[in-house]
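Listed here are the chains, written in short residue letters.
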Amino acid sequence: MNGTSTSRDWITGQLINNRALSLFLLVILIVCGMSIGFGSIFFSLGNLSGILLNLASEAILAVGMMYLIVSGVIDLSIGANLALGGAITGICLQGSTLFGLVINPQPVPVAIIWGLLSSCLGGLLNGLLVARVGVSALIATLAMSKIIGGAALYIGGSEIANLPQSFCVLSQTKLLAFFMPVYYTAVIVVIGAILLARMRFFRRFYFIGGNLRSAGLSGINVPGTITVMFVIMGFLAGLAGIIFAARMGNASGNTLPNIELNVITAVIVGGGSLLGGKGTVAGAFMGVIFINLIKTSMVIAGIDIYWQPIVIGAILIGAVVFDIVIQERYTVSVNLRKLQARRARSVGHTP
Amino acid sequence: MKRPAGRDGETGLRRLARVTLTNRALSLLILVLLISALMTALFPKYFFNYYNLRQLLFYLATPGILSVGMVFLIVAGLFDLSIGGNLAMAGTITAAILLTVPGFPYPLAILIAVAASTLAGVINGLLVAYVGVNALITTLAMMGILRGIAVMLAKSPISVPAGVANLGATFVLGFQIPIYYMIVIVLIGAFLLAKTRYFRQLYYIGGNRKAAELSGINAKRVLLVTFLISGFLAGFVGVVQAAGSNAAIGIIQDGIELKVVTAVIIGGGSLAGGKGTVLGAFMGALFMLLIDTIMTIASVNNMYQPFIVGIILVLAVTLDVVLQRKYGAGR
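Going down the list, the protein sequences come from chains A and B.
Once you know that position 267 of the first sequence is 267 in our numbering, the rest is easy, because the numbers rise by one and skip nothing.
Once you know that position 127 of the second sequence is 127 in our numbering, the rest is easy, because the numbers rise by one and skip nothing.
Treat the hints with caution; some may be incorrect.
To be verified - 27 Å max Cα-Cα, derived DSSO-like pairs, lysine-lysine:
1) A:K295 - A:K338
2) B:K220 - B:K195
3) A:K278 - A:K295
4) B:K195 - B:K210
5) B:K210 - B:K220
6) A:K278 - B:K195
7) B:K210 - A:K278
8) A:K174 - A:K295
9) B:K195 - A:K295
To be verified - Here's a subset of chain B near chain A, in silico, CB distances under 8 Å, partners left out:
10) L34
11) L38
12) L42
13) F43
14) V131
15) G132
16) N134
17) G144
18) G148
19) V184
20) V186
21) L258
22) V309
23) I311
As the list claims (entries may be wrong) - According to the in silico footprint, chain A covers these stretches of chain B (three or more CB under 8 Å from chain A):
24) 264-275
25) 300-306
26) 315-322
What the hints contain is simulated information worked out from the structure, not anything from laboratory work.
Heads up, the beta-carbon is just placed ideally off N, CA and C, and yes, glycines get one too.
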């Protein structure tokens with residue numbers, strides 16, 4: 001262990017490099033500030049649990065998106081996949097005719113499985129386009145978002161209303177003051193974080209994102225891994241869509257507007273680098289919380305809603321500039337200091 | 001970079017196929033003409049008349065002009081997603097100034113609006129080229145910011161005074177003025193990108209940025225200028241758009257950035273950089289508009305039009321990859 005590093009250095013290092021931690025502290029700051037400024041309007045169980053409920057979809061998506069961004073790719077079709085998952089589950093629950101096929105109302109678990117399968121299929125198509133055909137992820141997922149979105153609209157109509165109560169309870173039950181989706185989200189985020197940090201298959205994402213060629217040369221099945229990654233993203237999107245449909249009581253084929261933008265922003269603010277190779281699930285989750293907290297705070301503070309995209313855009317740019325200007329420089333200066341210290345010590349030892 | 005004429009054993013027809021398939025602007029032109037001929041045969045009264053053609057060209061003006069700015073960036077391996085918000089901001093600034101300050105000279109209002117858009121372009125350029133922020137993030141964030149400003153200025157339509165409207169709605173020789181703007185900008189853009197040494201540098205930067213910089217190209221400055229041009233054109237189009245439709249509203253042309261990127265990709269550009277032409281991009285924009293028109297004529301529900309566009313995009317990029325493997329890099 002290097003003799004010149006101090007505990008103050010460690011704290012600075014953590015603040016700069018551990019994005020989840022810095023965001024967590026920022027979140028605490030904002031919560032305190034808002035509570036002082038707006039009292040129980042803000043700092044109430046109802047408000048806080050509402051915030052968590054609303055960010056459930058984005059948080060689930062952010063886990064998958066962080067995997068993709070760490071690997072250096074992106075997925076713009078998550079909103080469409082989300083809608084597709086919900087729509088397919090909806091028509092399986094209600095029964096319908098689709099392309100001449102009669103679909104009888106299915107039990108809830110079966111309908112959910114069909115919904116997940118369809119969104120996994122969407123993810124698979126994305127993965128094949130990007131990994132096997134070699135199309136850039138941006139264009140491929142952009143095109144697929146229109147295609148899947150069209151399919152979701154067609155299948156779902158613009159609304160499949162009145163989903164059976166046996167399905168809706170999945171999201172509408174309350175447990176200890178929080179609705180179920182909050183717990184689902186927590187489980188998914190925790191599992192997602194553990195997978196990325198501990199499982200060898202998932203750690204490969206960092207290598208692929210860091211240097212694609214080296215990853216391939218070192219024996220990683222890059223096309224296969226990327227395909228699986230997109231399928232996981234599709235799965236999570238479908239899951240989020242089903243949870244959302246259960247919460248709303250209807251499954252609309254409409255995609256949530258701007259959700260791609262929100263999730264990508266949250267992941268980038270949460271430490272994911274678009275160049276690949278950096279990012280953690282904890283960071284992504286804190287990013288989602290941070291962004292949603294800012295939005296809710298602005299609403300409570302009475303700021304005109306039209307300021308939201310402006311503020312979010314500025315935060316996004318700020319986060320990346322911070323990454324480039326401060327994080328990089330700090331790492332360089334610390335490494336330089338360590339090198340100098342090592343040289344100074346080796347001069348003192350005569351061979 | 002043209003391939004040497006006549007490879008070994010290549011018959012005339014095969015060579016014709018190769019030349020056509022590798023020159024994207026040419027293939028698109030042929031495709032457009034074929035489709036138009038087909039549509040004229042099927043729907044004679046809808047298609048081939050002066051009024052429809054003129055309207056088609058008029059609607060082509062916005063994506064046509066924007067695709068010129070975009071292709072410059074895509075050739076360099078970048079892109080600009082903020083053009084939609086930028087053009088909306090320009091239009092709404094013009095209208096808002098003229099609304100709030102009675103008697104304000106409208107040329108000055110236009111100048112302020114276009115200057116603001118150009119400034120946005122410069123900020124994009126500084127962040128991407130000098131600070132090194134990823135182009136996707138920068139322009140995505142700017143898109144949100146500029147669109148937000150535009151919507152704040154004009155949540156509901158603000159009508160544009162007559163002086164400005166004339167700039168977009170007057171007819172010259174039977175065609176609206178924006179059509180002429182488009183033709184001039186496309187021709188100038190094509191010339192600049194293909195023939196001037198300064199802008200040909202974009203191909204090198206897009207091909208291999210490091211190598212380009214090592215060979216003496218000031219990539220940062222060139223990219224800054226390119227973003228400036230993109231911002232300027234967006235501002236110009238924004239004012240023309242507001243003038244032509246007689247009103248400015250914040251959400252105008254929502255989603256145009258994706259259509260323009262698609263047009264450039266269809267027109268032969270590659271997101272990896274180093275490939276693309278202005279004429280190709282223009283033909284791409286024309287092709288997209290043609291598909292739009294056909295869908296309207298065929299009464300395809302508005303909801304499903306993006307679906308068709310998505311399929312076309314997938315086909316276009318897959319074709320690109322296949323052609324790349326068959327005929328090799330360098331075109």
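Take the shortest C-beta to C-beta distance between L38 (chain B) and chain A; is it under 8 Å? 24 Å, violated
Quickly compare the C-alpha distance for K195 (chain B) and K295 (chain A) to 27 Å and report which way the hint goes. 49 Å, violated
Does V184 (chain B) hold up as a contact with chain A if the rule is Cβ-Cβ below 8 Å? Nearest chain A Cβ about 30 Å off; hint violated.
Straight-line alpha-carbon gap K195 (chain B) to K210 (chain B), limit 27 Å: 23 Å, holds
When the least beta-carbon distance from I311 (chain B) to chain A is tested against 8 Å, hint result: 6 Å, holds
With a cut-off of 8 Å between beta carbons, are at least three residues of the segment 300-306 of chain B near chain A? With 3 residues close enough to chain A, the hint holds.
Restraint check for K174 (chain A) with K295 (chain A), where alpha carbons must lie at most 27 Å apart: 24 Å, holds
Given the hinted pair K278 (chain A) and K195 (chain B), is their Cα-Cα distance within 27 Å? 41 Å, violated
Restraint check, 8 Å cut-off on beta carbons, for G144 (chain B) near chain A: 4 Å, holds
Verify this for me: three or more residues of the segment 315-322 of chain B with a beta carbon less than 8 Å from a beta carbon of chain A. holds (count 3)
Does the closest beta carbon of chain A sit nearer than 8 Å to the beta carbon of V309 (chain B)? With a minimum Cβ separation of about 6 Å from chain A (threshold 8 Å), the hint on V309 (chain B) holds.
Are K220 (chain B) and K195 (chain B) close enough, with their CA atoms no more than 27 Å apart? Holds: K220 (chain B) and K195 (chain B) sit about 21 Å apart, inside 27 Å.
Comparing the model with each earlier hint shows violations of hints 1, 6, 9, 10, 11, 12, 13, 19, 20; every other hint is respected.
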